[in-house]
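*Asks:* Here is how the chains run, residue by residue.
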Amino acid sequence: MQNKNNPSDDVGAGGAPPSREGVPSSSASSGESVPSWQAFDVELGELGGQRIETHRAPASSWGERHRRRLAQTAAIPGLLPVIGAQRTNGMAQVVQYAPATPSLADRSSGPTKLPWHEATGVISASARALHAAHLDGLVHGALSAEDVRIYGDEIAIAGAGVAHGGKMPESRSTVLAPEVAAGELPTARSDVFSLGKLLETAIAEEADVPAEVKTLARRATAQNAGDRPVSARFFAEGLERAAGRRQKKFGLADLGATAGFQKASSAYRPAPSGRATAAGEDTTPTDRTSSRGLGTAAGAGVVAAGAAGVAASKLGGTPEVDPKDIDLTQSAAGSVPTADADSSTSASASSSTAGSDSAAKTDSDMAEKKGKAVAGTAAAGAVGAAAVGAGSGRVANTSASAKPSVVVKSNGDDNKEDRRRKGWLWAGAAVLGLGAVTWIAAATNNDDSSDTEAIVATTEAIDADSSSDEDESVTEPDETTTTGEVTTTEAEAVTTTEAEATTTTAEATTTTEAPTTTTAPPPAEPEESALLSNEPLNGDQAAESFEIIHAIPGFDADMYLDGELLAAGLSTGGVLSPIPLETSGRVELFAADVGAPLRSADRSDEAVLVSDLEVGSAGSVVAHLDADGNPQVSRFASTLETIPAGQGRLSLKHVAAIGPVSIDIDGNEVAAGIVSADGFESVVAAGSHLVVVTTSDGQVIFDDTVDVPEGELTSAFVGGTADDLAVTVRRVTGLGSAPASVPSGNAGLASTEFPLVPVTTLAVALSVAGVAMRRRFDPSAV
Amino acid sequence: MKLLVVVALLTAGIASLVASVGEQTVSAIPAAEEIETTAPRSSNAAIGSQVDDAESPTTMTAATPSTMAATAGHGLTVPEAVSPIRLRVERLGLDLDIDSVGVDAEGDFDVPRSGVGWYRYGVSPGEEGSAVLAAHVDFNGSPGAFFELDALLGGDRIEIDLSDGTTSVFEVVEQILYDKTALPADELFAEEGDATLRLITCGGTFDHAARSYQGNRVVTALPVLLEQD
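Residue numbers (the working numbering), protein chains in the order written: chain A, 1 to 782; chain B, 1 to 229.
Simulated from the structure, these hints should not be mistaken for laboratory data. For every residue, glycine included, the Cβ atom is placed at its ideal position computed from N, Cα and C. It cannot be assumed that every hint is accurate.
[To be verified] Okay, the calculated beta carbon distance ranges per label pair:
#1 Leu766/A <-> Glu90/B: 40 to 46 Å
#2 Gly75/B <-> Ala182/A: 22 to 28 Å
#3 Leu749/A <-> Asp97/B: 22 to 28 Å
#4 Ser688/A <-> Glu192/B: 22 to 28 Å
#5 Glu90/B <-> Ser109/A: 54 to 60 Å
#6 Gly698/A <-> Val82/B: 18 to 24 Å
#7 Ile85/B <-> Gly687/A: 16 to 22 Å
#8 Val82/B <-> Ala685/A: 45 to 51 Å
#9 Ser83/B <-> Ser109/A: 49 to 55 Å
#10 Thr639/A <-> Val82/B: 25 to 31 Å
#11 Ala637/A <-> Asp108/B: 31 to 37 Å
#12 Lys248/A <-> Ser83/B: 45 to 51 Å
#13 Ser83/B <-> Glu535/A: 19 to 25 Å
#14 Leu766/A <-> Arg113/B: 41 to 47 Å
[Unchecked claim] Reference listing, derived: stretches of chain A covered by chain B, where coverage requires no fewer than 3 residues with Cβ under 8 Å from a Cβ of chain B:
#15 635-646
#16 668-675
#17 701-709
Build the full structure now, drawing on both the sequences and the hints.
*Replies:* Below, the structure is given as structure tokens:
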């Protein structure tokens with residue numbers, strides 16, 4: 001995972017993991033991100049000139065079948081194709097072809113941040129890719145934004161299938177599904193959780209995100225796996241619909257069909273499993289499967305130097321570190337958990353026997369035989385030169401072997417390889433200094449034993465340096481010292497650091513064998529009760545969809561449509577809604593199985609009910625028992641006509657395993673002889689009504705008050721058996737009407753009609769005034 | 001003397017004319033659907049936030065199985081909804097209980113003989129949609145609770161106590177006199193959209209022969225956000 005290059009990354013033993021004992025802190029519970037100090041690792045490399053990634057994870061139950069599945073990923077678009085997969089030393093190792101490209105993590109911030117509708121397009125495509133993996137039995141288990149690689153308009157997922165086997169690989173931004181954090185095997189729904197988390201991040205603080213997208217993110221990240229969308233495909237479809245037309249569509253990159261993949265795969269040679277045997281089988285002195293390759297190389301270098309004596313320059317180019325072997329055999333570089341302080345020295349000892357020069361004995365032998373001062377100087381000088389030679393980057397395979405080699409390219413300053421080289425350089429410089437010292441000491445007859453010790457210590461120092469974790473703060477000497485003491489101290493310091501580090505990683509390994517959390521995650525409340533919204537549909541929505549009701553008593557059901565899981569663990573009386581009208585296909589009902597496979601073909605049990613569903617009308621499809629107790633499927637249309645004001649529509653459906661029934665409403669018999677798959681429907685006054693359902697034998701099987709809200713359709717499906725009745729009530733709102741009128745006045749006191757009285761008064765007044773005026777001005781009246 | 005009488009008559013006549021004109025803020029109701037009498041104090045700026053989203057919370061356009069919920073069905077009974085129980089209108093000096101009413105046998109709003117009725121098949125004041133209160137302007141010779149509804153002006157406050165103990169405050173924004181045949185019932189009784197309060201009564205010209213008014217007076221008010229609640 002490239003994000004290890006992040007300078008703020010706090011990884012490795014030097015980076016203070018939350019618990020030195022390797023036990024994840026209690027914060028590593030549901031939904032919290034966990035730092036990447038655990039055993040999982042990703043290493044970049046090259047194979048056949050192509051960029052590859054090697055994913056490593058503990059694999060306790062990784063078997064041949066899983067390896068075969070991984071091989072199939074080359075044919076699954078949207079996944080980084082697997083070049084090789086093997087299990088060595090308890091580690092699973094998967095090499096994937098991974099052309100360099102930004103990941104979703106890279107595009108989540110900064111100037112290249114994807115707008116939300118593009119980010120959700122990436123996530124939706126990722127869900128589809130993962131679904132294809134799920135159908136093939138591969139689960140990712142620890143999906144993070146770094147795993148989602150964006151190749152232009154296509155995406156591919158890294159690391160799919162690596163988590164299978166029970167133990168969780170973790171990367172920096174992975175948020176584990178709660179059940180996985182609690183130690184359970186990941187399932188498709190765990191990946192749905194991870195997809196939900198990616199979605200949450202993509203839409204956080206974004207304006208203009210449709211509410212349905214937020215709802216989907218909430219549902220997908222439900223603490224209870226059963227509350228999440230049942231498969232990644234449904235998550236993808238839901239996201240695409242919820243995001244609408246604005247969502248950018250991304251395709252699935254079919255990298256398995258590229259020439260680059262071909263080149264990389266043809267260059268791949270799996271490393272033999274198990275510990276290193278005699279390395280004399282080829283000219284490469286290194287122990288390929290050893291976890292201390294470089295330490296071994298250093299030891300070999302020392303031996304070669306010792307054997308050759310003065311031929312320092314010739315040996316300067318020898319140490320052939322076959323980088324391919326280093327990569328694929330969990331070399332000392334990286335947080336290899338099985339490395340330990342003893343290994344380097346033992347490796348150097350063992351490889352001494354494997355050295356190409358049979359004359360090579362142990363370095364201490366050499367020193368003894370040839371005189372400590374001179375031999376020590378020569379050896380030290382040769383080793384120093386070898387170290388410097390290696391450190392300067394001349395890593396060439398001078399072996400006579402015709403095996404193709406892989407060159408480990410550096411990938412930035414923080415690359416392991418660079419650190420290794422730096423280690424070499426410093427070690428070489430230290431050794432040269434030591435050589436000078438011992439020469440002087442020899443010349444002045446210093447204590448022999450201390451020289452030997454110094455040499456041995458230096459060798460250990462080299463081994464320690466080379467086998468240290470990349471992120472360990474190797475105690476790098478600031479100067480080439482001229483005193484044996486300092487050198488010894490430095491060697492001690494380095495050794496100690498390495499011992500500490502490897503102890504930590506060893507403990508880390510041990511811990512990851514166990515469940516990763518010691519405490520179960522606390523059950524969390526869903527954010528809102530609307531998470532499992534059971535809101536009734538309104539008339540328009542109901543007209544565009546139908547529902548499926550499981551009304552067979554006595555078992556919880558897993559329901560499949562066209563061979564794919566539609567719902568799991570549906571209890572009797574449970575409803576799936578809304579389902580688009582155009583949905584058709586074969587419906588299969590099985591007794592619920594805790595680990596319901598995504599494909600019905602993978603089920604070992606028999607279907608309880610199989611029925612072919614055709615595109616139909618709005619209403620309900622009910623799986624129930626008929627009068628004889630046999631499972632059957634009946635389809636009922638919903639009456640969605642407008643209901644007059646003040647009334648509601650009541651619909652009663654007989655889907656029980658009993659004979660004909662009669663129905664009373666509010667004490668009046670409204671229907672008799674209603675057989676299975678039949679029913680009664682009527683518009684009634686809005687409000688509560690007493691409904692009684694009686695069999696022909698007179699047995700009352702239902703006697704209860706049913707609310708019939710105004711303007712709504714209330715459907716009651718009476719299913720089950722006489723003794724085990726299951727009534728499912730469904731409502732559709734928005735079918736009502738407004739009152740016809742609002743009659744609110746009959747006295748005329750507030751009338752705004754023509755003001756007859758005032759006008760008449762005024763008219764009379766004016767006329768009288770007019771008459772009076774005339775008289776006044778009547779000259780005859782003077 | 002005569003002059004005095006004439007002037008008095010004139011004044012009386014003009015006064016009553018003016019008074020009658022003042023009452024009727026509109027001219028005679030034509031067959032046209034509505035005459036607006038928007039209150040002069042335009043107070044949209046003063047009204048508290050109208051925060052309801054235009055989106056329906058349950059928009060599911062052909063949802064896929066991924067968005068459906070596996071549920072156990074709806075209940076046999078539905079929970080009791082919040083209802084308005086008291087109405088206060090300072091401008092009109094109103095302070096009275098609210099009855100929950102439905103429709104009568106003819107499917108008309110069952111306006112209570114006295115007092116104010118809330119259409120219980122609609123929404124409650126403050127919920128999404130248009131909540132409706134209706135009362136008689138007059139009934140059987142006496143003024144009804146909404147006799148002076150037309151005196152409401154824009155900005156006037158209406159307070160409603162709800163059955164859950166809270167009080168909602170609304171502010172009048174407009175008053176419209178509709179011809180009864182053109183009452184936009186779907187809009188006035190809508191159960192979706194912005195939370196609105198409507199006070200409805202009769203108004204306009206009274207048809208003596210039919211003993212009913214020709215119009216419905218509708219006052220619309222919008223919720224006001226209070227600092228304290």
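*Asks:* Compare the structure with each hint and give your call.
*Replies:* Results for each hint:
The supplied range of 40 to 46 Å is met by Leu766/A and Glu90/B, whose beta-carbon atoms lie about 41 Å from each other. Distance hint check: the CB atoms of Gly75/B and Ala182/A are about 34 Å apart, inconsistent with the given range 22 to 28 Å. Taking the beta carbon of each, Leu749/A and Asp97/B are about 23 Å apart, inside 22 to 28 Å as hinted. Hint check: Ser688/A to Glu192/B, Cβ distance near 26 Å, so the stated range 22 to 28 Å holds.
The hinted range of 54 to 60 Å is satisfied by Glu90/B and Ser109/A, whose Cβ atoms lie roughly 55 Å apart. Checked against the hint of 18 to 24 Å, the C-beta distance between Gly698/A and Val82/B comes to roughly 43 Å, which is inconsistent with it. Take Ile85/B and Gly687/A: their Cβ atoms lie about 20 Å apart, and the range 16 to 22 Å holds. At about 22 Å, the CB distance of Val82/B to Ala685/A disagrees with the hint of 45 to 51 Å.
One distance hint, 49 to 55 Å for the beta-carbon pair Ser83/B and Ser109/A, holds here, with the actual separation near 50 Å. Distance hint check for Thr639/A and Val82/B: the Cβ-Cβ separation is about 30 Å, which falls inside the suggested range of 25 to 31 Å. For Ala637/A and Asp108/B, the Cβ-Cβ distance of about 32 Å falls inside the hinted range of 31 to 37 Å, so the restraint holds. For Lys248/A and Ser83/B, the Cβ-Cβ distance of about 48 Å falls inside the hinted range of 45 to 51 Å, so the restraint holds.
In this structure the supplied range 19 to 25 Å holds for Ser83/B paired with Glu535/A, their Cβ-Cβ distance being about 21 Å. Checked against the given bound of 41 to 47 Å, the beta carbons of Leu766/A and Arg113/B, roughly 43 Å apart, stay inside it. Counting residues of the segment 635-646 of chain A whose beta carbon lies closer than 8 Å to any beta carbon of chain B gives 3, which meets the minimum of three for the stated coverage. For the segment 668-675 of chain A, the assignment as covered by chain B is violated, since 0 residues bring a beta-carbon within under 8 Å of that chain's beta-carbons and 3 are needed.
Counting residues of the segment 701-709 of chain A whose C-beta sits closer than 8 Å to any C-beta of chain B gives 5, which meets the bar of three, so the coverage hint holds.
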